[in-house]
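Protein chains in written order, with full-length UniProt numbering: chain V, 1 to 253; chain C, 1 to 589.
Certain hints may be false.
[Said to hold, decoys possible] Simulated coverage check for chain C against chain V, where a stretch passes if three residues somewhere in it have a Cβ under 8 Å from a Cβ of chain V:
#1 47-61
#2 64-77
#3 149-162
#4 362-373
#5 399-408
[As the list claims (entries may be wrong)] Within a straight-line C-alpha distance of at most 27 Å, the following computed DSSO-like cross-link-like pairs (lysine-lysine) qualify:
#6 C/Lys576 <-> C/Lys30
#7 V/Lys240 <-> C/Lys131
#8 C/Lys279 <-> C/Lys4
#9 C/Lys337 <-> C/Lys279
#10 C/Lys581 <-> V/Lys240
#11 C/Lys287 <-> V/Lys219
#12 C/Lys424 <-> V/Lys179
#13 C/Lys358 <-> V/Lys240
#14 C/Lys358 <-> V/Lys219
#15 C/Lys358 <-> V/Lys247
#16 C/Lys173 <-> V/Lys240
#17 C/Lys497 <-> V/Lys240
#18 C/Lys155 <-> C/Lys32
#19 C/Lys359 <-> V/Lys247
#20 V/Lys219 <-> C/Lys359
#21 V/Lys240 <-> C/Lys424
#22 V/Lys213 <-> C/Lys424
#23 V/Lys247 <-> C/Lys424
#24 V/Lys219 <-> C/Lys581
#25 V/Lys180 <-> C/Lys424
#26 C/Lys158 <-> C/Lys185
#27 C/Lys265 <-> C/Lys497
#28 V/Lys167 <-> C/Lys424
#29 C/Lys359 <-> C/Lys491
#30 C/Lys173 <-> C/Lys204
#31 C/Lys358 <-> C/Lys424
#32 C/Lys4 <-> C/Lys32
[Said to hold, decoys possible] Where chain V lies over chain C, by a calculated footprint (3+ residues, C-beta under 8 Å):
#33 87-100
#34 323-329
Note that these hints are calculated values from the structure, not bench results. All residues carry an ideal CB built from backbone N, CA and C; glycine is no exception.
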Amino acid sequence: MSTRDKSQGDVGRRDFLKLFGVAGAAASTLPLGGSASANETVAPAIGKPRHHGTDAAKSHAGDWGYEFFNVDESGFIEAAVDTLIPSDSTGPGAKELGVANYIDRQMAGGYGKGDRLYLEGPFGEGTPEQGYQLPMTPSELIRAGIADVSVYVQKNHKSTFDGLSAKDRAAVIADLDGKKIELPTVPTATFFGLLLQLTIEGYFADPMYGGNKDRAAWKMIGFPGAGAMYMDEIEPFRNKPYTAEPKGIQDLI
Amino acid sequence: MATKLNAVDVLIVGLGWTGGIIAKELASTKLKIVALERGGPRDTNPDFIDPQIHDELRYAARHDLMQNVRRETITFRNSESQTALPMRQLGSFLPGQGVGGAGVHWNGVTWRWLEWDHQARTRTVDKYGEKIIPSDMHLQDWPITYDDLEPYYDKFEKTCGTSGKAGNINGRKIDGGNIFEGSRKDEYPNPPMIAAQSMVMFEKAARNLGYHPFPNPSSNASRDYVNPDGVAFGQCHYCGFCERFGCEANAKASPHFTVIPLAVKNPNFELRTNSIVLKVNLDSTRKKAVSVTYLDARGREFEQPADLIVLSAYALGNVNLLLHSGIGEPYDPATGKGVVGRNYAYQCGGGATAFFDKKTILNRFMGAGALGTCMDDFNGDNYDFVKAGYIGGGGISCSNSGARPIQSHPTPRGTPRWGSDWKKAVVDNYDHAASVGNQGAVMAYRQNYLSLDPTYTDVFGRPLMRMTFNFQDNEIKQMNAQADICVTLAKEMGATKIDRNVPPVPYSIVPYQSTHNTGGAVFGADPSTSVLNKYLQVWDVPNLFVTGACVFPQNAGKNPTGPVGALAYWAVDAIKNQYLKNPGPLVDT
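With the rest of the complex left out, here is chain V:
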């Protein structure tokens, strides 16, 4: 059982929805592939307590605030990264290391806006060998994919994605990974591939990008980080454990 599953935020959210019976109503107002407009009318009332009025908001994720994701999308992303890299006995989970905030900042910045993507038409599907051919920036793709999956989850589970149990979330993620869910707007494999790529990036990138809080993912695997200088160590430490407190770029400036 993940810590997310036990968090008050989750329970509170589900209870809130049950209590007021709004889950179904919210779902029915979500237009296909357009959760953003739905947020404006539906989300504030139920979204605020979830992100700003519970203990969950005191997590690392809450320290930053969201620049790109709206309140429903950030709930989705937090739950998604928590499912992709859960907190367990091996080591920290992506959510507690701030990976949702990492993804948010990436989507708000140059990468998310396609600053290194060729986006001229015409657009054709092509072969897998020809690579990415969508007329969408990463941020447009992620936003559309979240909306698609949200609609799917509402339809099949009568819930938001983050409102699902850890087990059900993992089942949805497994179905996305296995291409068992066909999304209406974005190709499932492309969306899932980007979501997973961003999650792993945020987990292992330098902490200055918002994830890998306290260099915890580096500590877990034994990567010493940015303060790398080993000309005097490489020979003496052959086949011997080298342990050093990992340092991020900001720790060394």
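Please arrange chain C on chain V, whose structure you already have, making use of the hints.
Relative to chain V, chain C alone:
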């Protein structure tokens, strides 16, 4: 409307290794030289200082030092029956951009190619007869031999402070070096780097199996070094942030702190950065280049006349400029006629990922770009082509170039891609896995070529260049046979689990494979199958020279920067000592 500028003597397009070498070597001529570089200026301080340069996300994942394909890219298809589509983001290969070019973010592996690589056709036919060459393979000799180039290889190694161990000095084979290499006049300027644990294991395994391992020739300086031009190198830190990064220690040889500052010191040299060359302009005879058209950072169009023009952009960029300028006949695979775009080739990798038990501690993060142990027993013609069933093998090596965790967290095949089981596998294997890799040669074929795309354009309105490329049977056999050898080596190293890897077939532009794109403007002895003569001079336009890996008739199982640098010295020697004294064709057609 282009503003016409005052004429200069020499114009250099692209300021990486080859443009830098040529600009520096021509300084003594007192000629007025201008270099145009499409990217910006850069220097070790402040652009590559530590700790900021040790940023995997920015440099390795987001390609900060690479070409931005938003402005100009290529289109790609596997075969003529497909419609080419744009390479919308970088993947399979990573051309550089900015002063120093790809010479800033390379790994520093600095080979002399094998003698066979210089004379691939002659040596193959002499040994096996014509019949062994597949009918669609364009197997061609270089117009010069290894021995012709030997002094220039030596010069480039000394410029770069290459660290290694010779295996053949004046014909004397030396154990511990590469006994398959061509005869050298001199040892490497620096001793080999310190081997990492995985390399010690690989070397032992290779010897046990009867092979001939040796340390990679590495332009990551194994000690403090001053090159013959007086340029100081620091000792390599083994920091593990090398490929895709600049070097904070000036230990990894790069043109930005070696040849380019020496070129810039020349009062007759002028560097214009953020200047994109759109085309080379010819006179009415089409036999003389008169100027180039370029855009500055503000998008203003200029025409820069020059007496002598050198195209020294990345391999693909040079071919692109020739096609846009209408220089040389574009290659047509239907007729087999034409030369520009012909013989585009690549490399094929693969090998084995060796997983060890937890008692084997590799400290993979203590690494350097060129830190590795290699063997050439199955490279060039060091093995039997008939028995193997393919031509042109590959170097097999175990490298320790760093273990930056976004891109390097190996897990055995069958591990889930996410979830608790994935995380456990990452932790269990992060420092207990090594890669035994093949760097496979790719030959040139009738059906693999570069041309202009009929549909897509760059932001300047020019057609994109179109790449038509696929791995052929010869290479598919090779990558599979070499992967089997890598598996055997991994077993001998004591791996408890081994994943056998081959590159995607058909060739895919998506996963990173190699920034060793070659061909498209090859040099040769016959103008019907080459764009350039042996001095890298365009057959049809004698005041135009082209450098870089685009000149290789086919690829080798080795990194290309060694011969690319050596050929730049070779060409500029010919320019200085022959062409400038008597401008005109240096080889009769």
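Checklist entry - Where does the structure disagree with the numbered hints, that is, which hint numbers, in rising order? => result When the structure is compared with the hints, numbers 3, 7, 10, 11, 16, 24, 27 and 34 turn out to be violated.
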